[in-house]
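Given only the sequences and the hints, what does the whole structure look like? Please build it.
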Amino acid sequence: MIEAYKINKTYYTTKKPLKVLHDVEIRIKRGRFVSIVGPSGSGKSTLLHILALLDRFDSGEYFLDNHNINLMDDKEITGLRREKIGVIFQNFYLFQYFNVFKNVELPLIIRGYPPKERKRMVEEVMEEMGLIDRLKHLPNELSGGEQQRVAIARAIVSEPEILFADEPTGNLDSRTGMKIFEILKRLNKEKWMTILFVTHNLELARLADEIIYLKDGRIVV
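1 is the number of the first residue of the sequence shown in our numbering; add one for each residue after it.
None of these hints come from the bench; they were simulated from the model. Among the hints, erroneous ones may be present.
[What the hints assert, rightly or not] Label pairs and their in silico Cβ distance ranges: (1) H137 to K179: 10 to 20 Å; (2) D58 to H137: 37 to 47 Å; (3) G144 to K189: 19 to 29 Å; (4) H22 to K179: 13 to 23 Å.
[Unchecked claim] Calculated cross-link-like contacts (lysine-lysine; reagent style DSSO-like; alpha-carbon spacing at most 30 Å): (5) K191 to K116; (6) K75 to K136; (7) K6 to K16.
Source: prediction; values computed, not measured. C-beta atoms are modelled at their ideal positions from N, C-alpha and C, and glycine is treated no differently.
Below is the structure:
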């Protein structure tokens with residue numbers, strides 16, 4: 001369960017303060033697939049990063065599976081994020097000098113899984129992504145769609161409960177973008193994984209269980 005109440009966020013620049021979220025309130029039940037849409041600069045990515053515990057909010061309350069984020073320090077938040085959350089970004093953020101196997105394996109190393117278990121888990125998730133024959137390839141040897149599937153594999157290899165996807169189809173053609181969306185929908189249905197999906201693509205957004213519209217940092221009903 002994701003519960004956020006009156007979330008506010010301001011970025012302080014050299015020119016003037018820029019308030020990007022205004023009293024945002026959200027409640028999302030476990031196992032839901034939710035799209036977040038809105039024009040550029042509406043606060044979509046900022047909201048996603050706050051909910052994914054990648055950024056702090058200035059005021060308000062946030063509860064993630066009954067954990068009160070307001071009362072947690074940075075170390076506790078990092079631990080909770082590693083335990084429950086996976087994140088996919090628009091630009092993949094793959095390590096270019098690591099092959100596919102090492103990119104996907106990295107979260108498991110951080111979590112302290114033994115080598116044999118890491119190998120099994122990486123191979124299982126890459127089989128699921130249809131890329132088992134790409135394990136030794138470098139990212140620049142893959143297509144954009146393949147790189148995004150590797151990024152998804154890295155995000156889900158440790159079996160998170162919640163997956164946050166920040167414009168994961170934004171740099172892909174429409175056909176490849178639909179394939180990525182279908183992978184996310186399958187993860188949602190088969191693994192009961194809660195998914196928050198930021199997108200500009202209204203066609204994809206309408207396929208979610210629920211749509212949240214943001215405009216000027218506010219939820220539009």
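Consistency of the hints with the structure:
Checked against the hint of 10 to 20 Å, the pair H137 and K179 passes, with Cβ atoms roughly 19 Å apart. Against the hinted window of 37 to 47 Å, the Cβ-Cβ separation of D58 and H137 comes to about 43 Å, which satisfies the hint. Distance hint for G144 and K189: a CB-CB separation of about 25 Å, consistent with the stated range 19 to 29 Å. Between H22 and K179 the beta carbons are some 36 Å apart, a value that contradicts the proposed interval 13 to 23 Å.
For a cut-off of 30 Å, the pair hint linking K191 to K116 stands: about 23 Å separates their Cα positions. Distance check on the hinted pair: K75 and K136 sit about 34 Å apart at the alpha-carbon level, beyond 30 Å; violated. Using a Cα cut-off of 30 Å, the hinted pair K6 and K16 holds, with the two alpha carbons roughly 22 Å apart.
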